[in-house]
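*Asks:* Residues per chain, in single letters:
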Amino acid sequence: MPHRNDNFYIRTFRFIHCIPRAIVVLALISSTLTDSLRAEEKADFFEKKIRPVLAIHCFSCHGLNKQESELRLDHISFLTKKGFYGNPVIPGKPEQSTIISAMKHLDDLQMPEGKPKLPATVIADFQKWITDGAYWPNEPVAKGDSSFNLTERIERLPWIWQHPKPQPLPDYSDSNWPENEIDHFILAKLDEHHLQPTEFTDRPTWYRRLHIALLGIVPTPKQIEEFENDSRPDAREIAVDALLASPRFGERWARHWMDLMRYSETRGHESDFLIANAWHYRNYLIDAFNSGIPYDQFVKEHIAGDLLTQPRLDPVTGANQSVVATGWAFLGEEVHAPVNIRQDECDRTDNKIDVLSKSFLGLTVACARCHDHKFDAITQQDYYALSGFILSSSFRQVRFETAEHNRNISQAYEVAKASYKKDLASRFSAALTPSVNRMREELVAAVDVLKNKGLQDSDIKDQPWVAEIRAARNDTAHIFHPLAIAIEQPTQDEIRQQLDALAKAYEQQNDLATAALDGVEIIADYRNGETDGFMQDGYTFGSMPERVGELVIGSPEKPIAGIIEHGAAIKDPFWDVLQLHPANEKDSGNLQAFARAGRMLRTPKTTLDSGRIFYLVSGAAEVYAGADSYLMVAGPIHKNVRAKFDTKRAWVEQNLTKTDAHRAHVEFGAIPGKPLRVELVVQAEKKPALVARPSSFLIDACRINETNISVALINFIAMRTQQSVTLLADNALAQSDHPADDASILNWIINKPELFPVTDQTKNELVSLANEFQQQTDKLVLQLKIQSRTAVSLMDGNGVNENVLNRGNPQQPTHEAPRMIPTAFPHATPVETNGSGRMHLANQIVDEQNPLTARVIVNRVWHHMFGQGIVRSVDNFGFLGQRPSHPELLDHLAWQFMHDDQWDIKRLIRRIALSSTFRLSSQPSSTKAEMIDPENTLLHRASVKRMEAEAIRDSVLAVSGQLNLQMHGAPVPVQLTEFVVGRGAPSKSGPLDGNGRRSIYIAVRRNFLPTLMTTFDFPIPFTTRGNRNVTNVPAQSLALMNDPLIYQQALKWAEAISHSKELDTTDAKVQEMHKRLYGKAANEVVINNCKQVLQSLADFHNTDSNDIKVWHDFAHALFSANDFIYIY
Amino acid sequence: MLTPAPTHTGMSRRDFLRNAGAGLGSIALAHMLASDELNAADGSLNVISTDFSAKAKSVIFLFMEGAVSQIDSWDYKPDLIKYNGKDPRQTIGKLEKTQFDSIGTVLQSPWQFKQRGESGNWASNLFPHIVGDNGLQGVMDEICIINSLTSKFPEHTSANYFLHSGHGVQGRPSMGAWVTYGLGSENNDLPGFLVLNGGQIPSGGLDNFSSGFLPAVYQGSLLNANGTPLANVNPNEKDLQLQQIKRGLVRKLNAHSLQTTGSVDALESAIENYELAARMQVAIPELMDISGETEETHNLYGVNSKNGHTKTFARQCLIARRMVERGVRFVELLIPMTNGYSRWDAHGDLTGNHNRNAAAVDQPTAALILDLKRRGLLDETLIVFGSEFGRTPFAQGRDGRDHNEYGFSMWLAGGGVKQGITYGATDNWGYKAVENPVEMHDLHATILYLLGLNHTNLTYRFSGRDIRLTDVHGDVIHDIIA
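Chains as they are written, first to last, in this note's numbering: chain Z, 1 to 1128; chain U, 1 to 482.
If you're looking for bench data, these hints aren't it; they were derived computationally from the structure.
Just so you know, nobody snuck in bad clues.
Simulated crosslink set (BS3-like; lysine-lysine; CA at most 30 Å straight-line):
#1 Lys432(U) to Lys94(U)
#2 Lys432(U) to Lys658(Z)
#3 Lys104(Z) to Lys82(Z)
#4 Lys687(Z) to Lys94(U)
#5 Lys97(U) to Lys644(Z)
#6 Lys374(Z) to Lys152(U)
#7 Lys558(Z) to Lys674(Z)
#8 Lys49(Z) to Lys97(U)
#9 Lys639(Z) to Lys432(U)
#10 Lys1061(Z) to Lys252(U)
#11 Lys152(U) to Lys48(Z)
#12 Lys117(Z) to Lys81(Z)
#13 Lys128(Z) to Lys94(U)
#14 Lys97(U) to Lys128(Z)
Quick caveat: nothing in here was measured; it's all calculated off a predicted structure.
Work out the full structure, taking the sequences as your base and the hints as a guide.
*Replies:* What follows is the structure, given as structure tokens:
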């Protein structure tokens, strides 16, 4: 022990002077042992016990960004330096380290400033750490990255940080060519390059192109002919509007959005667990695109749909649509048994930030997880500032179908409840006046009787006041107890002595009750009706926690059930009737049976120190602790995030130490038919004692100092009772100095009608009030929507800022990053709210001052219409993305989109579809054009596109006549084959043809994607994918040649064709099929080719050309030709 | 080092699609050839370094999913015998958190260790054919054992992704995809990255063989060892003449459409693909048909073994040889399902589990090396045998072992690797790598090196960043290269 000297022992002794000497010796021995801690364990201890505490409690004032009192605590070199208050840390000498005295509040310097002392164990950890030499890993002092300069970064790509403005229309060469403003920009750019746009395409090709772009299915020959024959000048407008109005539109464009949200209905990973009810989000998207809700509203709903004061309701069902949008956050991959739960949380959060920033902002913020962005104006702090929004919210299954309807009923119910409470209280208290007024006389008389020695029990049979005092003799909590003691004493002196002793006992008990909460950290306190931090899913716990002194309405048999003595969040059985729809999917893992939806109380999220959580509760609940927001609850080591209790009023523990989580919140799921009261949720080293606090009036009574103490006691009791009754009458119990004492007096009165009789008339009045209330309640229950489905959604929590993690390492938190949109945004301001602040973020994303939101979505729409964005890297507008080919056009369109189009995507599509640019032929115009613009960046022609996987499959079904137009509903199971295999496979295999449903309705199971879809580049749903691969591989040819679905549908098609009466000739049949699949008429050469093949097929099958086999083979072969899956 | 995505380069779209369309050409190679021009154009592109020559042409990865126990196979630890039954916290010291957190006593290996072959490398008798027990020939002098592998993930899925793609989550290209992207395939009728499925699809599913953000042409094609080998490879038309009639129609339609639309790259490539697909309908069944192999070969591999799982893996190993003969670049073998989904994941019944799995893979694996060697193919074929992590030296419960990512073993053979050596070491317990620790990234860097690829240059631009198999890590382990 090289650092120790004599002083050490002296100081140590002084420091622990209250501990017996033997323990001091033991302590010294054990500290010798700890000296031999291996370096590895020291590192472990430091990262687990020291650094997080410093980061959470100290760095915000004494860290990289701020150094109050010129003190920094984020590196050992600062900690050991002498400052204003001495050395914060002297390795080996905790007693000389000012950080310890400050933590212990020994001197004026008390830290954390203005906050309660940190738990004793934490202080002990710091002492141990310093004693062991104050280990700190060998790491450099954190610096604001000197190479990162925000202004410089913004100037590197100033365009993306300036909001779009309307652009002057450029001059161009051919005034007849442009159809609308888009064309001005396109033509002007072609002029610059001395290029001319190619010819317009023919009408059938344009129509097929439009039809697939808008609906994702090939058009019918009839549709094509109708358009071809429509000579009205606005035929194109009519065609575009008709397609935009089709319900198929939403099914097509929702799928584009699902690529961004890495949509899946399972969590992937080893067992591919179900994300219960995820598909409501898919339905939400289809409806949102079909009903044309403005994009700014759409974005707001995604970020904060649960927080809108006026959510969007389904006009027919009244279901809350806005809240369903927030489900995207939970559609990512999740690990079912992570060993490091905090690392896992960081990974999950990272994925959410990646999806959010790419999809809405076209920025790769996730690149700044470990360091400031290497190329863009995004700091590491920006990344963690966004993480805070995610940390501040949690997962829930929301009763979206009924929540808004039931909200209105809940309000009516709360109003009725409050009014009946008030009425009952005033009637009852008024009726008590005569008996309370008589109380003094009754007590005097009773005391006289009691003083008469030799009194028999039979003597007091009809004397309730006498009986009550006598009973109070052995009930120390009784209001009469001091009196009962006093009247037994022969002299005033002896009374004095007895009462003094009693007062002392009461005071001791009072101290014990106070001490029970010493050193605990309160996570949620529902005792005082505080609404701050009172969060619930549903309305089960009323509009606020019930305060002490609130009257509880009983039944008609007992109209007043009592007065609340312990404030709590109390479950109201009114809501017991709620049910989930029987077909509602259950959460995976151990959570599946936890029906929390609509009856859940949620505490604020807290930082875990001891990891032992205690609830002061009574009744029953199923509890889920969101330990580092871990949800899967299927792994063996994290099952203790779940708990259950059914108890009388008691402290109940949920031990989270094994999870090694850093933060947690707690959710109490109420159980129908069982009561639940939650008073306090705390974190502590050990279970707090449950000590009843004696009434203050008992102490006051014992301290009465009068000549005749008994008389004074009687006066005091009568006065105090009177006071309580008056408070009840005035509905002012909550304002009492000691509301719990008043409540206990009133409960005593309520339960002693023999002492405090009321008239029959009053009784009847009370009963009829209770009856009325019951009837009103019954009526309201009838109006409730009882059964609901649930959707995945965000639930707002308390605001939690994430710490910037040194090099992204969750073990190394540094200073806090206040929640806000990245600082480079010109309108960035931090959040000021108790909640998550997502509403603030949403408003900043859709603010017209936001330079990226409108540009990014306009570019995405352009990408889907032309097969390439104006910015080709549709998810990345940053430095490593690509520069826009037509920046002015993009800005102009973005501005028009916000102002002229009112964020309406359909109007934007219409604008694009009706441009001359969209009408261009895909034929290369000239060798020169191909040389100058080989990638067709300038759009001198249309690009040939391949249909996406869904469009191919949906078109096959449409062509064969088997497309089932049913919308919405639960996903159709995937067909399991030799190639769709693995662990966690769904229990049921789906039909080959998916019941003919559109591809968007086929289940998206991360680990079981259908082969036909993946062959044609259906994206693996791991993060935002705005620009699908378009590969060209032999497996695609093999699929069209041999996939059983195509072969099966070819037969269906052949049957329909050969049974058709209208198609009475071979020529007619061939022509119809050609047009159906390829969208254009076959010329004579093609028809002859087809007829020859039909003949060869007939010869091969040794049959005539009417045979279904012939037409089956013919139809099947047609699917393999390029003209089907390519769009010209 | 920046190698932008092909579509972003000055390379013409047509060239790109032609390469991709053939499905088997090498985009990265095309970059190398075109690189001078590109450098001149924007200065942002560097040539993939070719300053070392390839030792191996192809890789066969025998993936022992579920995690073979290193201390029961290749990593001999006498201390486990000495301290068998003791509390590991007393003997080993501080223990890391494990998946199941059910820590039993120190557990000695139920198998016997000996020094083997001329090289005298230690190995247990878990794999008698490989180590040459009971008078069998053995291949111990061919293999290079690495006893100091580490991973970052203690559970299967993330560790599988990490082993395959250098990244612990879904969505990155698998090493087979990277290799094919870098080198292309030498066979015009077969994909370059083939996964032979013996039954056990690993945790994390087919994404272990994903092309990630690379073009789909590089993704591993799953061939079933038994049953239909490849999705859609069996023609609906059993009769060749019927196939030809239908193909004739498609050819005519495509030709006609090309005339009217003009020459469009995508359409031309699709036509080539159509022809290749037709060839694959022949080439894949031919590849999978081992009836033409000699009886001696069948017996060597165990194709007629009484153990159905040995039979399956024998078929896989033999087909793997046929694949590399045909120029397939990267072959991965998935183990048969010897006992449901338990694979090598011996959380309980270590002896039964490992014996069952070893019985399936032992003889075919040894045969593969012997067969390649006698055909002169071993030098140009790199064999990798290993798991996503190892197992704990202490018991889980009574007779199992939990996951251990801190130190485990793999072995390599052929393809330019030193023969009969042991590299790296764990501590006295076989618990943590202490001497020459090898990270996954190092393994990846070394595999690429043996194939003639510099891992720092093999990049693809995605999401605004040039991404490589080894991320920002990886050192080639030159000590094991011959």
